[in-house]
Amino acid sequence: MRLKDKTAIIIGAGQSPGEGTGNGRATAIRFAQEGALVLCADRDLASAEETARLAGNGAVAIEADAMREASLAAAIAEAVRRWGRLDILHYNVGMSLAGGDAPPTEITEEAFDRVTAVNLRGFVMAVKHALPVMRQQQEGVILSISSAAAVESYPYVAYKTTKAAMIAFTEQVANQNAPHGIRCNTILPGLMDTPMAVDTRVRHTGRSRAEVAAERDAKVPLRRKMGTAWDVANAALFLASEEAGFITGVALPVDGGRLVQIG
Numbered sequence: 001m002r003l004k005d006k007t008a009i010i011i012g013a014g015q016s017p018g019e020g021t022g023n024g025r026a027t028a029i030r031f032a033q034e035g036a037l038v039l040c041a042d043r044d045l046a047s048a049e050e051t052a053r054l055a056g057n058g059a060v061a062i063e064a065d066a067m068r069e070a071s072l073a074a075a076i077a078e079a080v081r082r083w084g085r086l087d088i089l090h091y092n093v094g095m096s097l098a099g100g101d102a103p104p105t106e107i108t109e110e111a112f113d114r115v116t117a118v119n120l121r122g123f124v125m126a127v128k129h130a131l132p133v134m135r136q137q138q139e140g141v142i143l144s145i146s147s148a149a150a151v152e153s154y155p156y157v158a159y160k161t162t163k164a165a166m167i168a169f170t171e172q173v174a175n176q177n178a179p180h181g182i183r184c185n186t187i188l189p190g191l192m193d194t195p196m197a198v199d200t201r202v203r204h205t206g207r208s209r210a211e212v213a214a215e216r217d218a219k220v221p222l223r224r225k226m227g228t229a230w231d232v233a234n235a236a237l238f239l240a241s242e243e244a245g246f247i248t249g250v251a252l253p254v255d256g257g258r259l260v261q262i263g
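What the sequence shown shows, in the numbering used here, is residues 1 to 263, in sequence order.
Keep in mind that a hint or two might mislead.
DSBU-like, lysine-lysine: derived pairs with alpha carbons at most 35 Å apart [stated by the list, open to error]:
# : residue 1 : residue 2
1 : Lys-128   : Lys-4
2 : Lys-4     : Lys-225
3 : Lys-160   : Lys-225
4 : Lys-160   : Lys-219
5 : Lys-128   : Lys-160
Worth flagging that the hints you see were computed from the coordinates, not collected in a lab.
Sequences are here, hints too, so could you generate the full structure?
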């Protein structure tokens with residue numbers, strides 16, 4: 001019960017179509033298993049409701065659009081209205097190929113703006129509305145999902161640049177809010193077997209899921225096997241808990257040793 005009596009909002013608690021479990025859903029379930037009251041926010045309300053059902057422990061769902069500041073503000077206000085405080089903000093929204101991402105010579109203005117709005121601007125806006133609550137409490141945890149793509153070779157420009165910017169923003173928030181007892185960290189998943197990572201590529205390339213998965217597995221040093229959403233969820237649980245009470249401003253790789261290969 002590492003999060004007993006804590007309240008959390010997970011932005012992006014639903015998941016993309018495909019096989020298995022996504023990072024947001026797995027994290028909501030792990031937080032609830034460890035005692036947290038979880039508000040599952042997603043633009044797909046039905047998917048968020050399914051996550052809340054699976055999480056249990058009084059988890060509830062709310063519709064929220066990461067591309068609209070007012071929607072994010074309303075979701076955070078609902079968590080505070082419902083439980084009187086906000087202990088954990090976890091921003092789990094992201095896109096690449098699904099948003100039209102492409103190499104630098106092929107990216108369109110519309111695709112770049114769309115991916116940036118979801119990956120980066122939404123994170124900034126969610127933090128904007130969570131910070132006053134946490135500062136008043138003089139404590140709180142802010143988490144996000146960046147990516148190993150931020151620091152390794154990655155062909156698509158909008159995803160890489162926004163995920164790198166998330167690390168810089170994490171460091172800024174951690175530094176400026178440490179006197180308020182607020183910790184801010186981000187997670188860098190590597191090659192993961194999630195619907196967003198694998199099934200989106202299946203739809204985009206027309207290849208089989210087995211083929212896409214095998215290609216990704218072969219690139220992972222640890223056991224030549226991708227990680228799962230539960231690996232990300234367990235990292236988020238650690239960072240949200242008091243076990244990480246002296247950790248802030250960190251970008252934590254969860255990648256099976258892939259970043260070790262590039263130093």
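Hint by hint, here is what the structure shows:
| no. | hint | in the structure |
| --- | --- | --- |
| 1 | Lys-128 - Lys-4 | 26 Å, holds |
| 2 | Lys-4 - Lys-225 | 33 Å, holds |
| 3 | Lys-160 - Lys-225 | 23 Å, holds |
| 4 | Lys-160 - Lys-219 | 18 Å, holds |
| 5 | Lys-128 - Lys-160 | 23 Å, holds |
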